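Sequential numbering of the sequence shown, starting at 1, is according to the UniProt record's numbering.
Think of the hints as simulated: they come from the structure by calculation, not from any bench. Do not rely on the hints blindly, as some may be mistaken.
[To be verified] Listed next, with one range per pair, are the computed distances between beta-carbon atoms:
| no. | residue 1 | residue 2 | range |
| --- | --- | --- | --- |
| 1 | T26 | R112 | 17 to 23 Å |
| 2 | T140 | D224 | 27 to 33 Å |
| 3 | R112 | G193 | 26 to 32 Å |
| 4 | A240 | S189 | 37 to 43 Å |
| 5 | G156 | P201 | 33 to 39 Å |
| 6 | R220 | V257 | 22 to 28 Å |
| 7 | R220 | Q242 | 19 to 25 Å |
| 8 | V225 | I56 | 26 to 32 Å |
Remember, it's a predicted structure, so these values are computed and weren't measured experimentally. We treat Cβ as the ideally placed atom computed from N, Cα and C, and that holds for glycine.
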Amino acid sequence: MTTISTTRIVPASERKLKNHTSIAQTVSNSLVMAYRGLVKFRRTPEQFFDVTLQPILFTVMFTFLFGGALAGDIKGYLPTIIPGVLAQTVITASVVTGVQLREDMDKGVFDRFRSLPIARIAPLAGALTADTLRYAIATTITFLTGIAIGWRPDGGVLGLVLAGLLIVAVAWAISWIFAFFGVIARTASSVQGISFMVLFPLTFLSNAYVNTATMPNWLRWFADVNPVSHVITAMRAIVASQPVGADVWWTLLGAAVVVAVFAPLTVRAYMRKA
């Protein structure tokens, strides 16, 4: 006599899958995912254009275009323009984090990750970790380009390293904002559109390229309180071996607040979909 099994197959959507991983495994999985991001860059080197060619182009173009008019000569404009170009390049490069997260989710890559025995947070943490290399590359190339055309910072190598660490930390903090947009947005193009709509006013309406004293009063007020202006002022002081004042502390506080707000929001939104 044949026995017919009546066991119900529970759909995947109704299963409560548990994925408990240790801290060590989470870190290991995140580093593997970071390496995956670096491999993607190696296979598609055009993804590095915004942190390799853009710093050179902007530094040379703005220096020779505005240097004589704004500072009297090229050499006198370099201490102003180098930190400004660096801030704009690195901060705008942080948008890529959100764009690539959205692209991976749209292509079903994260569905594959969900089926693997890895920490669920690893793909997100790996993407954020890998992008710090992009920020470091942009920082190095911008400084080397400035030195090549005559910039000689008084802070020496130590000043360059400290300023570089500061802007990389700021960019990493800001990348949490765009990672959040990448998780909740519908398309990668919408992430990029929203991000640049916010970033371009912040970077250009600052002290990146001109002295805020030359601006109309209403615009000067905005530029002076602009967080990007604080970052740039702090970097200028560090590379020039001058007292950093309150700008570096405002910069670090702002970065900490951004991470404190957007990291939990991003992780929560990501974990709902991961």
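Okay, the hints, checked on the actual structure:
no., hint, in the structure
1, T26 x R112: 17 to 23 Å, "holds, 19 Å"
2, T140 x D224: 27 to 33 Å, "holds, 30 Å"
3, R112 x G193: 26 to 32 Å, "holds, 28 Å"
4, A240 x S189: 37 to 43 Å, "holds, 40 Å"
5, G156 x P201: 33 to 39 Å, "holds, 34 Å"
6, R220 x V257: 22 to 28 Å, "holds, 24 Å"
7, R220 x Q242: 19 to 25 Å, "holds, 22 Å"
8, V225 x I56: 26 to 32 Å, "holds, 31 Å"
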